[in-house]
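Asker: If you want the building blocks of each chain, they are given just below.
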Amino acid sequence: MTDGTTEGLNKAAVFICHCSGNISEHVDIDTVKKTLKAEGISVYDYEYLCSSQGQALIKNKIIEGHLDRVVIGSCTPSKHGTLFKKCVQEAGLNRAGLEIANLREQCAWVHPDRAGATEKALSLLKAKLKRLENVEPLEDIKVDIVQQALVIGGGIAGITAALNLADNGIPTFLVEKDSSIGGQMAKIGKIFSPDKLAEECAMCSLSPLMNEVAAHPKITLLTWTEVENLSGSAGNFTVRLKKKPRYVKDNCTACGRCSRVCPVLVEDEFNCGYMDKKAISLRFSQSVPKVYCIDPNHCLQLNGETCGKCAAACKNGAIDFSQKEEIIELNVGAVIVATGFEEYDASQKPQYGYGIFENVMTQMELARVLGINGPTKGELLRVSDFSKASSDPAPATCDSRCESSSNDSCAETPKRIVMIQCVGSRDEKEGGNRYCSRYCCMAALKHASLIKKRYPETEITICYIDVRAFGFYENYYRAVQETGVNFVRGRPAEVIEKPDKSLVVRVEDTLNQKIKELPADLVVLSAAMIPSPGTKKIASVLNLSQDESGFIKEKHSKLKPVDSSLDGIFVCGTAQSPKDVTDTIAQSGLAAVRARAFITDSPKTLDNEIATINQLLCTRCGGCLKCPFDALSLNESGRVVLDPLICTGCGYCTELCKEGAVKVAGFTKPQLKAEIEGVLEEGDMLGFVNSGIASLTCDNIGNSVLTYPSNVKLIRVPTSLVVDIDLVMHAFRHGASSVLFVEDPPDNPRAEAIYPLAVRHFEKLKEKLGDSGNRIHFKKAYVPNIKGLAGTFTSLAREGEMIK
Amino acid sequence: MKAIESIPDRKLLLFKSCMVGQEYPGVETATRYVFDRLGIDYCVNDEQSCCTGIGHYTDIFEGLTTAAIAARNFAVARKCGYPNITCLCSTCYAVNKEACELLNTNAEVRDKVNSIFKEKGFDDLVYEKGDMDSRTNFYHAVEILLSKVGQIKEAKKFDFSGVKAASHHACHYYKVKYLDVVGSPENPQLIDTIAEACGASPVRWYEDRTLTCGMGFSQLHLNKNTSLQVTKTKLDSLQRAGVELMLHMCPNCHIQYDRYQPVIEKEFGVKYDMVHMNIAQFVALSMGADPYKVCGFQTHSVPLEGFLEKTGIL
Amino acid sequence: MIPYVNEYDTPNCNTLAETAKKSIRTPESLGLDRCIQCGACTASCPAARFSDYSPRQIVKKVLENDHSVLESKMIWSCFYCYSCNVRCPRNNSPVTIVQVLRQMAINEGIGVEKLAYFLEIGEYLAENGASKVPETGIRNMEKDLGERWIGIKRNLGSTRSEMGLSSRDFRNTNGEVQAILESTGYFEREKWIKIKIEEKRIHGFVKTNYSDKDKKNGEFGFESDRKYTGQEAITV
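Residue numbers (our numbering), protein chains in the order written: chain A, 154 to 957; chain B, 193 to 506; chain C, 2 to 237.
Hints listed in this document are in silico derivations from the structure and should not be mistaken for laboratory results.
All residues carry an ideal CB built from backbone N, CA and C; glycine is no exception.
Don't take each hint at face value.
Derived list of chain B stretches under chain C, where covered just means 3 residues or more per stretch with a C-beta under 8 Å from a C-beta of chain C [stated by the list, open to error]:
#1 236-246
#2 291-304
#3 334-340
#4 354-363
#5 476-490
Let's have the full structure, built from the sequences with the hints guiding it.
Answerer: Here it is, written out as structure tokens:
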């Protein structure tokens, strides 16, 4: 059965799938079988190789025939590659011994001419057989993942993510820069909800979760702590944290005696800057942990003056002025970034008077005013009337930015309120943001509704461009409309203050083309949601991709919505994009699931073939360290080492290495040469196709019933970077009339790094080839652009035929 | 935003303004008086023509004519070695800056303008892309003053403390090329900051602060009622804010407020307690300049004598 | 007579919006297509505040490619103050679009009578290198501003001299400005405009005030526009 030429193939076999006519109707399988058999190769065919019967056939033949090499002719490897790999491995074959020839999407479906399709099928199978002649077994690369996670940010996103991770058994560290968790949600008093027409108490939802975090055996809570540095790689990160001193020990019972005797009043960031906090305080009364904290910038004792009143008042001796900053190092397998947003600084739009007129405030500030734990204890007052708040204890004084207020003796509830939407959102001007902040329409409706319920006489007007009450929120919008809130469709030009401190909003009501001057006692600006300083800082500390506004960019908005640009780091909540509480919680759950899946898949077996370094050939010149993903580095002994979790197998290092010491497993030069020799006939067009999006696009030509000539031959490569001049010349020598590189478009983080390199690589090749340079071509393949790609294939193939 | 540090004090071509020359020559002399005392390196060149602004904004000149005239003036500036065009009039500033941007970005217009020059034998006027930089070669005189506000404060000879001064920043300075304004184009504070350095108390915010003066190019002549209504609205706001001195930076606004304040008083039966001047005239006064020989107050319609006596200058 | 159409200010395109975008009068990155009709322009506009002018409606007409906007008196009310330009959240610029519309109107002989008042600016510039208030304007100013101003103007030469300036704001342009205006086609166009104005005068179209309130052309179909009567024009 064997002869000299096929000596190496006595343990090889070919399996051909009919794909229920999908292949067999276009490819004459009998001819293929006969031809191959005549060359002494065992060939088997089956209706459906992907069925369990089909797989059983493959397994049986491997075991019976002691096969060590298998070629499967079937649909695209993107579809059943993993299945067939598992199948041959179960029969004891090394995965290197399996090759899949794409007889469906890149042969049967695109070549209507049966003879041409049959001939091409044969060449594809032979090429794969030839490739296998040089096979070397591949080892599975496995990596241990550290079995704990870090969540950065203790707002509703971080709390949700941490609880989900911990409930799933993952030991989790939750780091928060402030003295309590709770984040922005703790500030907003009431929250809107898509299914209820009533506003829910934010703290009633949040507080139990915060307590659960504190009590959870799998969660280590680190408040008043910031992330300094992150090193290592996915699965094994080292994080350095800085824990600031609270100057109060954990035995604090939060009795509040210290705060009552503290003589220093400070600006309260939690209450939007109103002066109603002491230098020793709780962030808010439901703080977790419930341990007081001293503001080191304002405490007299810590600033060289003698005070110590708090220490004297504390019955537990919890005050400790000697506390020092601590550095903590953690090892974690995965990180979730939940660092949140801050409100846009509305003073950047001076036309609306924020920071100039005291009775102009933002929605977040209004939320605090309406909050029962806010500066007016929930009483709706103009800022100029804050000092007259009737509540006890000590009335809150007005914000430092305000001048004196009028001297009426009794505080009046504002009678007319105008809200201005899209302040700093949907704004292309300098200092604005182009995006819609997504929550402000609902926040304005919520506040209008709350005020209408408590003060039904108040006249409220919302100036909007579009009311974006998406999904079920429309119900809420309708309910608020029924409370008698006025809506004016127009973006106001400016806010004017009259000498009596009353305000006027100038706006065109675009629905009746009238310019209106709306009188107001209080103007509320719905300011944009922008990434918090913490989000921007973390993005730079962790080196994560950000969008143009500074939000942390996900890998893919639909398919990988919580994966950051780095493996093992996930993002959720408003650190990723503007969103409301409901969406934040939903997304945070997903981030926890993704992080958990990443951690528990340990030891992790890598899917993709990656670079390997032949230390014997390596001269340690460092050329390969230019890896765009930083996967290569020098270890302590000066050896070049590869981080298998970071390497994407793109092959750029094979181009960089002058010694040929680096290669991508499965795509070595001998293997590619063998496939070129096997597949090519005189006058063929040879395509090197990136195995990512570009391959999918090529397959899609077949899925869409488009055609191209059968002298188009395609070889899958990790990226075109592995194809050097030697391989191109080899292709020309073996009959290729032209060579086409089909690359992934730069619209995901990996391709963004690779694409420019591939373009440069191509240009260099062209230059080196001299006169033959015009025989190589480059094409960027977007998935929908199948017609364009098929057209390129056809025209290049026609040229090849002409030359022939 | 234009960084204050980037404003030059060398090689400035003080760009002559037609309206300054014909109505308020004191704006030019006061500016030169102040520039001389601040040690600014500038020149005035008679070869420089009108920017075309008045005709451009009354729709009689098309963009090509404006671009060609601008290119010629750029050549004048470059040839005399003073390429930083510094305008007394906000419309000159906007027209020149826009024309420069057009000449740099639109090859078709540039080629057409150059072909006209070549055809006429004006080879020295030919404009090559990038000969001028629309962001770094164009300034308003008030920007130069702002960059020297420290020196202005030191050179103060008169006490203007307690003078309630309000500013009117010219629309064509901050609303046309709004990305190149010192500070926020929604709240420019150049004049206020300079006035404060001279000791005055600037009214930094008043109602209708950003409202146009009302001149509106053809509007003053063809829609006079509306034009003066706008001016009156602004004067009313200033009166309510208790302003006694209004400071401008553009001769067109200056005409509208100073020349037409008496007209509005007569037509609408109102009375305003404020006087008008250009910020350069105010700085010159503060430095001890003669109100008539330098500031040219004799060409103003609203008499300034009362103000000058009150502040002890007269 | 064929008008001199300036292809740079009013390039010939299929739609008003295309012309506006390609015109050199508008910024290169004009956000016209992105207009969301939010009304920030109109609310910020002095002309809109004191008359029935509406930059937002003009932009809408342009986007709808409604050529009647060229005949609307509304386009002649803009102050060119650029408040809409600085406020528009979409980087649209109604003020520069209106400049293009006025140029297009002029090309069609509409509104040329508005230019009569100012046409001498061109000739004066060519001759003197400077601009000045046109004679009619000076006569009106004399009427409005009275003796004080007339005196100021009469003494201007000596005042200037006392201040150390040349008695007149003299410009030496070596005939270059004249030559440039000739070559850009300015005079050709000026001539055409003058003829058009004359035609209109003969046909009685140029009136001292606009009484043709019921004129259908250029009507925007809005209540506010029907009431729009334009401002009193000054005799040409």
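Asker: Between the region 291-304 of chain B and chain C, see if three or more residues pass the 8 Å beta-carbon test, and mark the coverage as holds or violated.
Answerer: Answer holds; 6 residues pass the 8 Å Cβ test.
Asker: Take the region 334-340 of chain B, compare each residue's beta carbon with every beta carbon of chain C, and decide whether three or more fall closer than 8 Å.
Answerer: violated (count 0)
Asker: Go check the region 236-246 of chain B versus chain C for me, would you? Three or more residues, Cβ under 8 Å, otherwise it fails.
Answerer: With 8 residues in contact (Cβ-Cβ under 8 Å with chain C), the coverage given for the region 236-246 of chain B holds.
Asker: Three residues minimum, CB to CB under 8 Å: does the region 476-490 of chain B make the cut for coverage by chain C? Let me know.
Answerer: Per the Cβ count (5), the hint holds.
Asker: Check, residue by residue, whether the region 354-363 of chain B contains three or more positions whose beta-carbon lies closer than 8 Å to a beta-carbon of chain C, and give the verdict.
Answerer: With 1 residues in contact (Cβ-Cβ under 8 Å with chain C), the coverage given for the region 354-363 of chain B is violated.
Going down the numbered hints, you'll see the structure goes against 3, 4, while the others check out.
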